[in-house]
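Starting from the two chains in their separate frames, assemble the complex, guided by the hints.
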Amino acid sequence: EDQVTQSPEALRLQEGESSSLNCSYTVSGLRGLFWYRQDPGKGPEFLFTLYSAGEEKEKERLKATLTKKESFLHITAPKPEDSATYLCAVQRPGNTPLVFGKGTRLSVIA
Amino acid sequence: EAGVTQFPSHSVIEKGQTVTLRCDPISGHDNLYWYRRVMGKEIKFLLHFVKESKQDESGMPNNRFLAERTGGTYSTLKVQPAELEDSGVYFCASSQEGWFGSPLHFGNGTRLTVT
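Heads up: the protein sequence lines correspond to chains D and P, in order. According to my numbering, the first sequence holds residues 1 to 110 in order. According to my numbering, the second sequence holds residues 1 to 115 in order.
Among the clues, some could well be false.
Simulated DEER-style distance windows between Cβ atoms [what the hints assert, rightly or not]: (1) Q17/P x T76/D: 47 to 55 Å; (2) V38/P x D39/D: 38 to 46 Å; (3) S58/P x T26/D: 14 to 22 Å.
These are computed hints drawn from the structure, not numbers from a lab. Ideal placement from N, C-alpha and C gives every residue a C-beta, glycine not left out.
The shape of chain P in the complex, shown without the other chains (with noise of 0.2 Å):
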């Protein structure tokens, strides 16, 4: 079984650019979700998709972040425009149960530098 993949595995833009993370999850899982690890800090929430739709988005953290899924497949997210503090490790997980115990496989990451 193919695992969770993640596009690019690093990117570096300038502040004021526009950066698009795309995720695939494990085929058969309606369950996707995002998480963000900033320097030093913990890994967070983001946002939660079920098939195409957003479940819950409460850990977004601004307007400049969209996230979507096509046909309730792959998904992407974009930073526009991307600020210094956007710097960190992208997450992506998918799980094929509706509810977070069941265990999330994550990928390995998007490492976001914002100079």
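Isolated chain D (complex conformation) (with noise of 0.2 Å):
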């Protein structure tokens, strides 16, 4: 059975400090996996995807990463805006549906 399993389960972070967040997959045969952003109250919204070991992708202050097992969402010189929840999600070949895991709940002090 497909699983994901991301840590830590909640972060508190100083403006400015930078850390990642990890994603651990088992995944039979991984088709692509993605990054969400989740405020309170509201749905998640996409950030990455990403399909082979070796891919980075960047948006602002955000990178993410993949190996063969795990992803890491690596967060610099963070601000309080970026304090949300962060989904990471696998998706196996064919067209089969996406498996969340439960999130890193992450929040930016000033």
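Okay, structure coming up:
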């Protein structure tokens, strides 16, 4: 069975304090790994798709990387507006549903 | 561009009652998905429509759940009769392309509480 484990469950950072979120996955073949951001009371918002080990994607202060077993979401010099829950999801080959992790709740304190 | 819209935002019902959730996808998006997040758990897939046809309903928990998509536009998800374990946040998402890898645009969800 496909599994996605995200760590830590919650992370509290000072503004400007860089860190990384982890997404470990077990899947029978990986078609794609996805990162979403979710604000309280809102739906998930798409950030990145990664398809193969070694791939990296960047957006503002966020950079996502992928290996054969895990993905990292690096946050450089975070700001309070980066506070949110970050969700990781994987997709197997074929037109199959995304399998989500439970997410990491990030709080950035000014 | 208007986003995915869900109604109602909150619903509180008693066990045994019926509730109908509605989703209006982004205009022109043929693909519509329903997901659910139960408290403390991850977001889980329920089903996928392509236009008005059910493409994949492997995530539907049981036959108390009925989803429809009228004319390939809006969709409804009916729970009848509701049970306590049905409580959670129900998300709808839509996309243009025909596979899950294309970005999903989510609505803000309907928080369902069954008492």
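A quick look at each hint next to the structure:
1. Checked against the hint of 47 to 55 Å, the C-beta distance between Q17/P and T76/D comes to roughly 49 Å, which is consistent with it.
2. Take V38/P and D39/D: their Cβ atoms lie about 20 Å apart, and the range 38 to 46 Å is violated.
3. In this structure, S58/P and T26/D meet the distance hint of 14 to 22 Å, their C-beta atoms being roughly 19 Å apart.
The structure is inconsistent with hint 2 alone, although it conforms to all the rest.
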